[in-house]
Amino acid sequence: MLDLAWLMLALPLLGVFLNLFVTGRMSERGIGWLASAVVGLALLVAVGAFLALLKLPPQQRHIELNVYTWIASGSLSAGFGLLVDQLSIIMALVVTGVGFIIHVYSIGYMHGDPGFRRYFVYLNLFIFSMLILVLANNFLLLFVGWEGVGLCSYLLIGFWYERKSAADAGKKAFIVNRVGDFGFLLAIFLIFALFGSLDFTTVFSKAPQLVQSGVVSGAAITAITLLLFVGATGKSAQLPLYVWLPDAMEGPTPVSALIHAATMVTAGVYMVVRTSALFALAPLSLTVVAGIGLATAFFAATMGLVQTDIKRVLAYSTVSQLGYMFLACGVGAFTAAIFHLMTHAFFKSLLFLGSGSVIHALGGEQDLRRMGGLFSKLRTTGITFWIGALAIAGIFPFAGFFSKDEILWETLQESLFLWAVAAFTAFLTALYMFRLIYLTFHGPSRVSAERAAHIHESPKVMTRPLVVLAVLSILGGFVGLPLIQGGNLFKSFLEPVLARAPLAHGAAAAEAGHAAIGFELFMMIVSLAIAVAGLVMARRFFLQRPELAQRAAEVNAWLYRLLCGKYFVDEAYDLLVVRPVKQLGTILWRGFDVLVIDGIANGAADLIRGASGALRRLQTGYVKSYAVTMVLGAMLLVLYFVMR
Amino acid sequence: MMTDLLITIVKILVVFGVYLTMVAYLSLVERRVSAFIQDRRGPNRVGPFGLLQPLADGLKFMFKEDLIPHYVNRPVYLLAPLVALVPAFITMAVIPFGNTLPLFGRDIPLVIANVNIGFLYIFALTSMGVYGVVLAGWSSNSKYSLIGGLRASAQMISYELSLGLAAVGVLIVAGSLRLPDIVAAQSGLRWNFWMQPLGFIIFLIAVFAETNRLPFDLPEAEPELVGGYHTEYSSMKFAMFFMAEYANMLTASAVVVSLYLGGWQVPYLEQAGLPPLLLSLAQVLAFVLKVGVMLFFFVWVRWTLPRFRYDQLMRLGWKITLPLAILNIFYSGYLVVAKWV
Amino acid sequence: MFVILAVILVGASLMVVAQRNPVYSALFLILAFLGLAGQFVLLQAQIIAVLQVLVYAGAIMVLFLFVVMLLNVRDRQAPEAKLRWQKLFGLILTIILFGLVAVTVAGEVRLGPQGEFTPQRLAELGNAQVFGKLLFTDFLFLFEATSVLLLVAMIGAMVLARRRPLGASSPPPAASSRAD
Amino acid sequence: MSFTVPLSWYLVLSAIVFSIGVAGVLLRRNALVIFMCIEIMLSGVNLSFIAFSRFLHSMSGQIFFFFVMTVAAAEVAVGLAIILTIFRSRESVDVDEVNLLRG
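Residue numbers (the numbering used here), protein chains in the order written: chain P, 1 to 644; chain W, 645 to 985; chain G, 986 to 1165; chain X, 1166 to 1268.
Simulated from the structure, these hints should not be mistaken for lab results.
No residue lacks a Cβ here, since even glycine has one placed at the ideal position from N, Cα and C.
Check each hint, because a few of them may be wrong.
As the list claims (entries may be wrong) - If you only want the chain P side, here are some residues facing chain G, beta carbon under 8 Å, derived: (1) V628; (2) V631; (3) A634; (4) M635.
Isolated chain P (complex conformation) (with noise of 0.2 Å):
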């Protein structure tokens, strides 16, 4: 089965190319269903590989496939190569999982729209590149994979393309993540020529020893792993560069859930943890990327707290969580990140097709102001939601207390500071979350007239999907249950992928948390009740006694029109670059590029037409003119060979 892992590669492209050659002709649900297809058999191979994997001992669930030599020039050699072990194939999993959930989705979803198919060849698309992305064995892959995905997702982002505020959305992403792309373009440039190879297993086994004889310096090392993280941050959409994230809500919301909530963001922490080996030799990395995790999850779910679209709430809310995921690794809690991305596949996922769910019952209406009430009507929906907040706030026993608890637990064996603004930070994610609840499904209905005649459940193409997606929201915690012995299997499952980084607070962290049990259950008992305690405001504020919440905003105005403006972050890029950008363009426009460039390509235009208009002449259209060229060509050989 492992052998077959190539396959998961194949499907997807397969179906692209199906659907954009072939089905030409085919109904709707046909491209749906093939598109679908593709990716639930890429989901079965993996689940099959995952077994394969499972039987094998843990030091030899390391499998890797050579498909074949892609660029071989001088002392480069990149194959096309895939790894599969047991972090990827988790990758691989949640991928396919997910993404099989959603191209279901979107066949509701979708229904009608008139670029169907070029919404299904995009998404399968979006597969393939991110199962590149995970399964690479090496940084050129990996990164080919990451150009793959941020193309998908520009794509979809702007798949609206008749709306302005979608293409420019879409260009928004791209632009931004290019930044990101630089900086992990120049690691990876900076790693070749420090070790010589891309492959991962070779740079990774190489880097400990390579560090500890001097050979590479630690500074290199923590430069690296900073450019790796700029690459992360503007995948991921941490600080500075998350910008982008919550305009990518222009895009069709499935996608919004697949790409901007499940997968996509979350390549920044799977590169992270992939490359944990050399975050790992350097600590100076570490705290960075816990500071700008911890300052994101803070900043972002502040953020969240005031906004008005239910897609941007659940936006901010995916900034924060991959916030926490940085955190996690920053803290040197890698297994944690990833439990973390898992688990926030799923239930952000969940929430995300939910508000979808919402938006297709009222009809396109995205803003909370004019919801409310709807639990009663969308039932289906309501329900899961309610299960997806719950496992977002993290609330036990959904899969979001496990892993955020792991998180919030492995953060306090660091320091107490990053553990007291996290704790703060899940406060704010229940309350914002609740409010969305409450404002979306709760309280008197404020949905407009016309629009209240149509409300309706989704179809059961939509629903069920959703009811998938909470079960696992549910249930997907337990694999990585906390205190009882051997029963985080999550964690002794992903370990040995990262044994070969010894981390030293980890390893501590351990120790520390066998030692004391009753302190970690404890530090659950004061995670829960912080979730417990945004419910209840969020409860308190939003349905009871709405006026509260509008009283608190006005003592606080300033504060409020801040977190309005999210720090007017985006307007100050503006002021800052995109401005001066624009005007060194004009400048370039005007000086260098009317004058130089255009010169050399008029100017070489002009010379071409010159050339050829003198040298039309020769073009005669007399075959004596060519016999006469003939005879002299004749001529000058024979004098070459008399000459000679």
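Use these hints to put chains W, G and X onto chain P, whose structure you have.
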């Protein structure tokens, strides 16, 4: 050395003499046979059975006024009859009319030139034969002649293919391009006539077309083209075309006999125990007889079959005989592989 | 013998160029080909000589004559000034070319290694036999390639010469298949 | 037949014939004649092929002649067809009047 040359010269003279005589009398034969077929008498006044008729004809042609129309292209007009006549004559050089003739203590091969590619030589000359007709047609500067010439060129080129390809079968069986070898390969009853009837028929058809004989005489089809390419010719020049036609017939008959009817071979005559000289002469006689039969066949066909239409002619040539000829090549190959020959 | 044939060849070639009437040109070309065939016989390449007569003189030239007669065109009088310039130029070019080639070939010719087919051997084996054997062994691929070439040319000629797009019967381009 | 004619004579003859062909191509304007002159050029080349074949005791020259001939035949068939078409549309075979390909 000198004797060899002498013998060759003698051979040439003898062959040429016999040949010309035969050509002359062929015209008589044709008229007599046609009369016979049409149930009338034919020329019988000049000499016994009209045997002196060719002589009288010849004299008449010579003393007629040689009329050259003013609008013709003179040099070519004069050249054309010669071009028509010569190839037919010199083709005879490679035809073996007998085995060796033991005379004065030497074995004289009864062929003027035993060229090792005699077969191709025949074809080369045959292909030259077309020029006489074409040039005559063109130089006469008359529409009948021109059309006749064009028809002749198209027809002869078309059928030359079938001719050659049909004969390839013979070559495959004989394994040589020398005509004496080809004849020798047909000893006993193994005439190619029996071995490859298909090839023989195709060859025969093609030969009829090459000689512009009925049913393939479109270049000179009287009802349409007056006289075809020789409409504007008169007197001795017309006689030359006339002779050329009969010479071609004669040559063609000789070739057919050599290729398919065993040449000078008479089955099992060698075993009869005749003295060598007698044997040799008997074989020459056999050859002449066979040619005579072929000639009679030519005449017979002429007065029996109607003329083809032009498109029918082309279709027959390109769509029927040519593929069949190619088929025949495969068949011949099979003969060789299966060791039937 | 060489000289006689050479004179025929050169003279006939010159006449081809010099004659106004294309029919005469064609006739002289046939004569030139016959002269060339004679040269080939002198060079003991009988099969080549026969092929020369059979294909060039017999088939290709018939086709030429056929077309010449079909078209029956006369040289029209054209603007003379340009023509004279052209002629002069062409003549000069030709002479220069000839001079160059002649200088190259007339001097001492260094012969490369001699092959196995000495005249004696050739006479023994038979020119045609050797030729055929080589053609169907060492040069088989080329031979087959030429047959494809001929097929293509045949079809091409038919397509080009066809008067109407479909269904019309035009005189078949006969000579192209001759070299089989 | 004793062989006395040296190779260079043949080559010079070949050069002469070739040059005559070139001259014809350059001087004449009738497409048909130009075609014939091309055949003359080919003949010149063929002559040297056969001559070399004779003097080098190699059959390659003769084989080459065969291929040249084949190509010539194909060329003539196509060329004449082209000339025929040109004549049909223009009532002329003067190459100087055919200049549609003028740049």
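Proposed interface contact between A634/P and chain G, which counts if any beta carbon pair is under 8 Å: 7 Å, holds
V631/P as chain G interface residue, shortest Cβ-Cβ below 8 Å: 5 Å, holds
Interface hint outcome for M635/P [beta carbon to chain G under 8 Å]: This interface hint holds because 5 Å falls under the 8 Å limit.
Per-residue hint verdict: V628/P, partner chain G, C-beta under 8 Å: With Cβ-Cβ at 7 Å, under 8 Å, it holds.
The structure meets every hint from the earlier list without exception.
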